[in-house]
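Asker: Required output: the full structure, derived from the provided sequences and hints.
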Amino acid sequence: MTKIPTPALEFADVSRHYLRRDGLGIRALTDLTINIAEGEFVCIVGPSGCGKSTLLQICAGLDQPTSGVVKAQGALVTAPGPDRGVVFQKDSVFPWMTVINNVEYGLKCRGVPSTERRRVARLYLERVGLADVAGAWPNELSGGMLKRVAIASVFANGSPVLLLDEPFGALDYVTKHKIHDVLLDLWDDGGSTVRRTVLFVTHDVDEALTLADRILVMRAGEIVDDLRVDSTRPRTEENLSEPAVIATKRRLLAHLGLAHGEARMLVREAGR
Amino acid sequence: MSAPDSAPGRDRLINLGVLSGLAIGWQALSIALPQEIVPGVPLVPGWQVVFTSTLLSLSLYWPGGWGFGAVAGGDSPNYLYALLAIGYHSGITFARLLMGLVVGTCVGTVLGLAISWSVWGRRIVSPPIEFLRVLPLLALVPLFRIWFGLSFFGQVAFVAYGVGVIFFAATVNAVANVAPVYIDNARTFGAGRFFLYRTVILPAILPEMHSAVLLALGAAWAAVLGAEFLGAQSGLGYIIVYSQAFGFLDRMFLIALLVVLYASVSYWLANRLFQRLNRWSHAAT
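Protein chains in written order, with my numbering: chain E, 6 to 277; chain Z, 2 to 286.
Treat each hint with caution, since some may be false.
[Claimed, not checked] To list a few chain Z residues with every Cβ distance to chain E over 12 angstroms, as calculated:
id, residue
1, Gly47
2, Ser77
3, Leu197
[What the hints assert, rightly or not] Here are the simulated SDA-like cross-link-like pairs (lysine to any residue), alpha carbons at most 25 angstroms apart as the crow flies:
id, chain 1, residue 1, chain 2, residue 2
4, E, Lys95, E, Asp36
5, E, Lys76, Z, Arg194
6, E, Lys113, Z, Gly122
7, E, Lys113, Z, Arg280
If you are wondering where the hints come from, they were derived from the structure by calculation, not from laboratory data.
Where is the CB? At the ideal position from N, CA and C, for every residue including glycine.
Answerer: What follows is the structure, given as structure tokens:
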């Protein structure tokens, strides 16, 4: 009998219902059950309003499920905690702290001595390519640089689980691709054996294919598809043009209502 | 903030010009209207009067001490006593103002933060805040006079009340306006409640508190003079009221000028302090 390892993230029958102001009940999530293995890079894809951000908020402990439980590394999630780092869609870097103080923030929360904080922060700023703006104010940085600061901050905090909520939605094409490399490099950590578990919400199919080991498709508060991306890393243009990846992309597009004919059939079959 | 087509240097030059114009206009008015309100005191005191006989007359308000005599003790009026009088009464007014500001700022801010701790706190206090905010400060002078008498403590309490209400309301408002993403972010990093207040809420509300500070300074000056008008035996407000009783318009004018000068300096200092505290928000993009 082999012992099944505890999943890094575990959603068991998670539902979230809201009562809208006009009295109408909204089901943001319906009986979601997902297990995410340690070190897995999972993207959640779906149209806006499908509940993917709600799922992430609940996982972060910033929102509570109406029913069901969420466990992170076996522990019940009830509140936010440093074991689950979050990169938000909006700019969350504190503008009143210098860049390096932002990166140190999580460590400071937990009383890590200042020399050690500085060392870790410098290391991660170096790795996201922002060592030379360590002393700058966030207002002096571009949107892409702010995202790098946010990423450096969650990695510096050592969270084993990272939750990213459409973090790069507002970035331009080039900036986005560069920051994908930064994120993957940190996640891979030079082929480290202890990769962090990532849950990444996006509406961008190409982004999901570039980043993910596994893609969950959501629609109307439910997981409607669970796909593995079996392409090798790094995902170069060539890798992303492999027939298997193209097929996955077609299927994703069909889920989002962007495909015709054959692909739509595929989705219908998958739904069974 | 300067208009797009004006350099700061030119702005300053224009400001200076306008002020000189006002001073010259005043002088012209004093020549055009030579009537006197009481013998020796012109209705519009020109600068040659204000800085000579008026200034000299202030030596009457020097009570003596620190090895100096006083006019009341038989000395003749002189400029040294006049300056001592200005220093003495200004010092007393400053003491009332500063203590009131410190107490009002601390109590108002701390209460505001405490109330913001919970949603219910905010719900409960928002109606009384609105009520206190629209209640004219100076209408309360007689009330404070009865409650606290003519003591130094009473005057400080009055200034502190005026400042405190402004800070309290501004703090509650500013905390409610802090972007939720910063609070969420801090919580996911593992920040506790106190740490969150110290590292996120406090710095985040500072830009909004800048305007509250300027409002509070205005209220503080009004309050301290208002408190002194009613029965104080010292301070700049006392000199104004005393002069009014005898029709010494020139003395009232000179003291008013002093108050304008002091208030301007206090605004300038507050602006400098907050520009420094909020330098992160002015950083170029």
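Asker: Run the distance test for Lys113/E versus Gly122/Z: straight-line Cα separation, threshold 25 angstroms.
Answerer: Outside the cut-off at roughly 29 angstroms; violated.
Asker: Would you check whether the claim that Leu197/Z is not at the interface survives, using Cβ distances to chain E and the 12 angstroms cut-off?
Answerer: Not fine: 9 angstroms to the nearest Cβ puts Leu197/Z too close to chain E.
Asker: Sort out whether Asp36/E lies within 25 angstroms of Lys95/E, counting only the CA atoms.
Answerer: At roughly 28 angstroms apart (the allowed maximum being 25 angstroms), Asp36/E and Lys95/E break the hint.
Asker: Straight-line Cα separation of Lys76/E and Arg194/Z no greater than 25 angstroms?
Answerer: 24 angstroms, holds
Asker: Does the claim that Ser77/Z lies off the interface hold, with its Cβ farther than 12 angstroms from every Cβ of chain E?
Answerer: 59 angstroms, holds
Asker: Does the no-contact call for Gly47/Z survive, Cβ to all of chain E over 12 angstroms?
Answerer: The claim holds: Gly47/Z sits with its nearest Cβ about 51 angstroms from chain E, beyond 12 angstroms.
Asker: Given the hinted pair Lys113/E and Arg280/Z, is their alpha-carbon gap at most 25 angstroms?
Answerer: Measuring from Cα to Cα gives roughly 23 angstroms; hence the hint holds.
Violated hints, listed in ascending order, are 3, 4 and 6; each of the other numbered hints is respected by the structure.
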